[in-house]
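Trainee: Chains as they are written, first to last, in our numbering: chain A, 3 to 203; chain B, 3 to 203.
There's no promise every hint is true.
If several chains are the same, the list does not tell them apart, and a pair holds so long as it fits within one copy or across any two.
In silico lysine-lysine, PhoX-like type, Cα no more than 20 Å apart, as pairs [claimed, not checked]: (1) K175 x K185; (2) K104 x K9; (3) K54 x K9; (4) K9 x K149; (5) K11 x K54; (6) K149 x K178; (7) K149 x K175; (8) K149 x K183; (9) K149 x K54; (10) K178 x K104; (11) K175 x K104; (12) K149 x K185; (13) K54 x K178; (14) K54 x K183.
Simulated from the structure, these hints should not be mistaken for laboratory data. No experiment lies behind these values; they were computed from the predicted model shown.
Spelled out, the chains give:
Protein chains: 2
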Amino acid sequence: MNRQEQKLKTRQNIIHAAFSLLDENRSLSAISLREVAREAGIAPTSFYRHFKDMDELGLTLVDEAGLALRQLMRQARRRIESGGGVINTSVDTFMEFISGNKNVFRLLLREHTGTSAAYRLAVHREIQHFIDELADYILEQQDIDHKSAEFQADAMVRLVFSSGAEALESDPKLRKHIGDKVKAQLRFVQLGARALFKHKS
Amino acid sequence: MNRQEQKLKTRQNIIHAAFSLLDENRSLSAISLREVAREAGIAPTSFYRHFKDMDELGLTLVDEAGLALRQLMRQARRRIESGGGVINTSVDTFMEFISGNKNVFRLLLREHTGTSAAYRLAVHREIQHFIDELADYILEQQDIDHKSAEFQADAMVRLVFSSGAEALESDPKLRKHIGDKVKAQLRFVQLGARALFKHKS
DNA sequence: TAAATTAGCGCACACTTGTAAGCTGAGTTG
DNA sequence: CAACTCAGCTTACAAGTGTGCGCTAATTTA
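Let the hints inform the model, and build the full structure from the sequences given.
Mentor: As structure tokens, this is what we get:
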């Protein structure tokens with residue numbers, strides 16, 4: 003194994019270790035450098051060979067989480083093309099993501115309202131990407147003006163994220179119920195937006 | 003001054019000290035017993051004369067914050083009766099509350115997705131109160147079935163809280179813009195809910 | 001007024017934290 | 001193969017943490 007390869011692998015170990023520590027009881031600010039190092043199987047001081055400090059690791063984790071989200075959207079779009087309805091497909095995809103990547107979604111949720119301004123901003127940017135792409139999609143699909151599409155996308159993403167937070171700590175049965183609820187709410191928003199602003203500007 | 007009165011006053015000092023430490027960079031899990039004691043002007047060990055541990059203090063703070071929210075709602079209802087529109091009045095009242103009680107709202111927001119299951123549950127309960135009371139109000143005002151009213155109230159509260167989070171760290175000008183946006187979104191929801199479920203069951 | 005209660009304090013202890021300094025040994029390069 | 005690089009290690013330190021123990025002094029009770 004190369005020196006570069008070895009270093010990259012250790013870096014991945016650190017990232018993986020950090021994610022695994024971010025369970026339901028810990029946030030980025032609550033995990034320590036020593037803990038991450040312990041979990042990754044290296045000495046505390048070796049951490050500095052890979053990251054300047056914990057903040058740099060944290061921002062890396064937020065980036066990775068954002069990337070995972072964008073990949074999710076692509077997957078959702080593929081599924082929509084093969085039928086099933088936009089809202090149904092999108093919500094189902096999102097809920098599956100949450101179930102399968104709990105700690106990734108938790109990271110975004112927690113740091114979105116967390117204690118670090120830098121993390122808050124980073125998460126905010128990722129979510130804004132999410133909103134912008136949805137707004138573009140809505141503009142393509144519906145006869146609606148720009149601002150309405152923006153507001154509609156914004157509301158939808160907020161509802162999905164907020165319900166996702168609830169679903170995260172629920173059992174599958176309740177999760178199903180939450181999914182149905184948010185689907186109905188998204189239809190409210192969609193219909194309301196169409197009714198209030200019918201024409202493109 | 004009585005012994006009881008003195009003790010009560012110290013207790014209030016502790017609570018006030020804790021709230022003052024919960025600025026934009028700290029959550030309940032990030033403030034230490036010693037810090038609170040220092041800010042309250044007592045010895046660390048004297049803290050135990052008033053609270054079993056920091057968790058007990060935390061739950062007390064959540065309760066106080068919930069109480070403040072409920073008082074807010076009463077104030078909003080009073081304002082609605084003197085005209086101005088439900089949505090406009092409610093959002094304006096909410097935004098004023100956020101501006102004037104930043105740390106109180108921050109506490110709820112942060113602990114809602116925070117690292118303590120007990121705090122999450124406590125905040126969830128407070129928000130559910132909020133939703134239930136709004137659902138009752140909607141049922142009174144609109145010709146709509148029970149479930150739709152519930153979903154509508156749920157969506158509205160989620161949107162307002164989510165936008166509140168954004169407004170919390172924004173300057174007044176941006177805050178105005180956020181207020182307008184959420185008002186439009188609430189109208190989307192209201193109109194959509196009415197259109198999809200017209201009759202009471 | 002004597003006895004009991006108790007809010008608050010000082011001291012002490014065992015831990016965990018971030019990180020500075022310097023060493024080792026394996027991989028890379030000329 | 002000799003020189004160099006550098007990922008990872010051990011050791012060490014100062015700072016901060018929660019909390020047990022026992023004392024003081026003032027209020028409350030009998």
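Trainee: Are the hints correct? Go through all of them and say.
Mentor: Cross-check of the supplied hints:
no.	hint	verdict
1	K175 x K185	within (16 Å within a copy, 33 Å between copies)
2	K104 x K9	neither (27 Å within a copy, 45 Å between copies)
3	K54 x K9	within (15 Å within a copy, 47 Å between copies)
4	K9 x K149	neither (48 Å within a copy, 56 Å between copies)
5	K11 x K54	within (17 Å within a copy, 46 Å between copies)
6	K149 x K178	between (32 Å within a copy, 16 Å between copies)
7	K149 x K175	between (37 Å within a copy, 18 Å between copies)
8	K149 x K183	between (26 Å within a copy, 10 Å between copies)
9	K149 x K54	neither (42 Å within a copy, 52 Å between copies)
10	K178 x K104	within (16 Å within a copy, 35 Å between copies)
11	K175 x K104	within (17 Å within a copy, 36 Å between copies)
12	K149 x K185	between (22 Å within a copy, 14 Å between copies)
13	K54 x K178	neither (42 Å within a copy, 39 Å between copies)
14	K54 x K183	neither (44 Å within a copy, 40 Å between copies)
When the structure is compared with the earlier hints, violations turn up for hints 2, 4, 9, 13, 14 and for no others.
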